[in-house]
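**Student:** Please put together the full structure from these sequences, using the hints given.
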Amino acid sequence: MTAQIIREATAAELPLLQDIERAAGELFRALSMPEIADDEPPATEVLEGYRRDGRAWVSTDGADRPLGYLLHDEVDGAAHVEQVSVHPSAAHRGLGRGLIDHLAARATARGLTALTLTTFAEVPWNAPYYTRLGFRVLADDELTEGLRHIRNHEREIGLDRRCRVAMRREL
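Counting from 633, one number per residue, gives the positions in the sequence shown under my numbering.
Everything labelled a hint here was simulated from the structure, so no lab data went into it.
Don't take every hint at face value.
Label pairs and their computed distance ranges (CB to CB) [unchecked claim]:
id : residue 1 : residue 2 : range
1  : 696       : 737       : 15 to 23 Å
2  : 720       : 741       : 42 to 50 Å
3  : 695       : 742       : 27 to 35 Å
4  : 790       : 678       : 17 to 25 Å
5  : 640       : 740       : 12 to 20 Å
6  : 708       : 655       : 28 to 36 Å
7  : 795       : 658       : 29 to 37 Å
8  : 678       : 777       : 34 to 42 Å
9  : 685       : 725       : 24 to 32 Å
10 : 765       : 654       : 33 to 41 Å
11 : 771       : 709       : 13 to 21 Å
12 : 639       : 780       : 29 to 37 Å
13 : 766       : 742       : 13 to 21 Å
14 : 774       : 697       : 38 to 46 Å
Beta carbons are placed, not taken as given, at the ideal position from N, Cα and C, and that holds for glycine.
**Tutor:** Printed below as a string of structure tokens:
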């Protein structure tokens, strides 16, 4: 296996990121979660905002074509993983882990003390996976104001709060 190359996304690649998101979303269909599989990826304008701000990273193949990507925000002093997706054809190669570790290194260099994210509690490639990467589930009384806002927004757009958790990884 060749070394993983992680770099900033380019504007021309934004439609590819949408394709990765759609392909990764299809895996939810097998879990009787068609509404997640059918959810549209972020619009190119949204992706462009992340890219322009240096908050969109890709993991590429040997031909420099993105196989996975990560978007991040800063929420309450932590680097917040807004989205991380890997194309199913490239699954189980450590690309997601590599993207998260890349963000952790960047966050540490900026003086941030944690990574956070919200995810599905029982989807195997969600909370159980992130637990293996050093994240822990936060209790409701541990949620920061920003994480509470994200969880409320998720509820407003139809994500079931009982099936979602916020997680944190100390740096």
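**Student:** Run every hint past the structure and note whether it holds.
**Tutor:** To see whether the hints hold, each was checked on the structure:
Residue 696 and residue 737 have their C-beta atoms about 21 Å apart, which keeps the hinted 15 to 23 Å range intact. For residue 720 paired with residue 741, a C-beta distance near 32 Å fails the hint of 42 to 50 Å. For residue 695 paired with residue 742, a C-beta distance near 31 Å keeps the hint of 27 to 35 Å intact. Remark: the range hint 17 to 25 Å for residue 790 to residue 678 is upheld by a beta-carbon distance near 18 Å.
A hinted range of 12 to 20 Å for the beta carbons of residue 640 and residue 740 is consistent with their spacing of about 18 Å. Roughly 32 Å separates the CB atoms of residue 708 and residue 655, a value that falls within the hinted 28 to 36 Å. Taken as a hint, the range 29 to 37 Å is violated for the pair residue 795 and residue 658, whose Cβ atoms sit roughly 19 Å apart. Distance hint for residue 678 and residue 777: a CB-CB separation of about 23 Å, inconsistent with the stated range 34 to 42 Å.
Between residue 685 and residue 725 the beta carbons are some 28 Å apart, a value that agrees with the proposed interval 24 to 32 Å. The supplied range of 33 to 41 Å is broken by residue 765 and residue 654, whose beta-carbon atoms lie about 24 Å from each other. The hint said 13 to 21 Å for the Cβ distance between residue 771 and residue 709, and at roughly 19 Å that hint holds. Separated by about 33 Å at the C-beta atoms, residue 639 and residue 780 satisfy the suggested range of 29 to 37 Å.
For the pair residue 766 and residue 742, the supplied restraint of 13 to 21 Å holds, since their beta-carbon distance comes to about 19 Å. Between residue 774 and residue 697 the Cβ separation comes to about 39 Å, which falls inside the hinted range of 38 to 46 Å.
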